[in-house]
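Please build the complex by placing chain B on the supplied structure of chain A, with the hints as guidance.
Number of protein chains: 2
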Amino acid sequence: MKIYLAGPDVFLPDAVGIGQRKCDICRHHGVTGLYPLDNAVDLAAPGASMQIFRGNEAMMNASDAIIANLTPFRGPGADPGTVYELGYMAGQGKLCLSYCNDPASYAERVARSTKVTRGADNRLVDADGLTVEDFGLPDNLMMIHALDLHGSPLVMPHAKPVDIWRDLSAFETCVRLAAEKLG
Amino acid sequence: MKIYLAGPDVFLPDAVGIGQRKCDICRHHGVTGLYPLDNAVDLAAPGASMQIFRGNEAMMNASDAIIANLTPFRGPGADPGTVYELGYMAGQGKLCLSYCNDPASYAERVARSTKVTRGADNRLVDADGLTVEDFGLPDNLMMIHALDLHGSPLVMPHAKPVDIWRDLSAFETCVRLAAEKLG
Numbered sequence: 116m117k118i119y120l121a122g123p124d125v126f127l128p129d130a131v132g133i134g135q136r137k138c139d140i141c142r143h144h145g146v147t148g149l150y151p152l153d154n155a156v157d158l159a160a161p162g163a164s165m166q167i168f169r170g171n172e173a174m175m176n177a178s179d180a181i182i183a184n185l186t187p188f189r190g191p192g193a194d195p196g197t198v199y200e201l202g203y204m205a206g207q208g209k210l211c212l213s214y215c216n217d218p219a220s221y222a223e224r225v226a227r228s229t230k231v232t233r234g235a236d237n238r239l240v241d242a243d244g245l246t247v248e249d250f251g252l253p254d255n256l257m258m259i260h261a262l263d264l265h266g267s268p269l270v271m272p273h274a275k276p277v278d279i280w281r282d283l284s285a286f287e288t289c290v291r292l293a294a295e296k297l298g
Numbered sequence: 116m117k118i119y120l121a122g123p124d125v126f127l128p129d130a131v132g133i134g135q136r137k138c139d140i141c142r143h144h145g146v147t148g149l150y151p152l153d154n155a156v157d158l159a160a161p162g163a164s165m166q167i168f169r170g171n172e173a174m175m176n177a178s179d180a181i182i183a184n185l186t187p188f189r190g191p192g193a194d195p196g197t198v199y200e201l202g203y204m205a206g207q208g209k210l211c212l213s214y215c216n217d218p219a220s221y222a223e224r225v226a227r228s229t230k231v232t233r234g235a236d237n238r239l240v241d242a243d244g245l246t247v248e249d250f251g252l253p254d255n256l257m258m259i260h261a262l263d264l265h266g267s268p269l270v271m272p273h274a275k276p277v278d279i280w281r282d283l284s285a286f287e288t289c290v291r292l293a294a295e296k297l298g
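Top line first, the protein sequences correspond to chains A and B.
All letters in the first sequence, in the order written, are residues 116 to 298 by the working numbering.
All letters in the second sequence, in the order written, are residues 116 to 298 by the working numbering.
Derived from the structure by calculation, the hints contain no laboratory data.
Each hint can be trusted.
Identical chains blur together in the list; that is why a pair holds if it fits in one copy or across any two.
Pairs of lysine to any residue, SDA-like flavour, derived with a Cα cap of 25 angstroms:
{"no.": "1", "residue 1": "K296", "residue 2": "M165"}
{"no.": "2", "residue 1": "K275", "residue 2": "R136"}
{"no.": "3", "residue 1": "K296", "residue 2": "R169"}
{"no.": "4", "residue 1": "K117", "residue 2": "C138"}
Predicted, not measured: the structure shown is a model, and the values here were computed from it.
Excised from the complex, chain A in its bound form:
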């Protein structure tokens, strides 16, 4: 059983070490983790970004499931690159799991960086007048309900861990769920 391990983890300074920890946890639960190649190619070489894309896509095609890290990245929502991969696996009918180390609702997260108000039509809007999804969900409904219907509901800790980028408890819960469902 192969599981593609998506997430903005690849952008951390210790990305390679975190990938090794994630793969070790997978092995402990009897599954094989495949970690994206972003840090395994020469970034200065011509065509490096395409090489990473092709490698990651081949890994996804070879995997039975995905575990995506949807912890907010440079904004109130998940990393778009990671979310692309979640969608790609859902489109292929693969098993979809995700975790998020920030248990706040999406509306709460948006309110951290911009003024959020309720309009006359009861719509919640940001400072630019754009609607803020207000279903009490932790992120955009497309990802949250994709998990509900195509895998397992989003795994979140009760409280934000001290190190949201390196705490792998919620990740391990996903691995356990995936191993049960694939087994």
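Positioned in the frame of chain A, the structure of chain B alone reads:
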């Protein structure tokens, strides 16, 4: 030929009108646009978010192609909900097209809201020490190269239009390309 019209357009106050304009442009080019249902359900009804999800997924399953609006949304990158849909369609082997009304590179966009520096290892990093993709691409490589390989390269104007949310020139270019490729 049906084309799913993904984008954060659904969060604009005039979302319904923009959807109508997009569908009109599709009709003019001989294809049928399917616009997400986010504004066609009673948002206060129980289960509204799941109803939207199921409706949008059914529309995607019924479509031959997707045109996604990847204009940056609440941060330096595209709207994650839209990107989920792009990935979903790519995973199904459907034709993928997108446009973006902000022609800046991803690294330039990140630098608008946070201090970006180059580390000793030549890695471009943000204020949190997270790597900033630095391939000169306008967004995360997964979306950009998915378009290159699974449809048509990202369509962008030479200069940012005055109204990035309502200028549909780049959208119309995508419709023309999709009609040619599907025809």
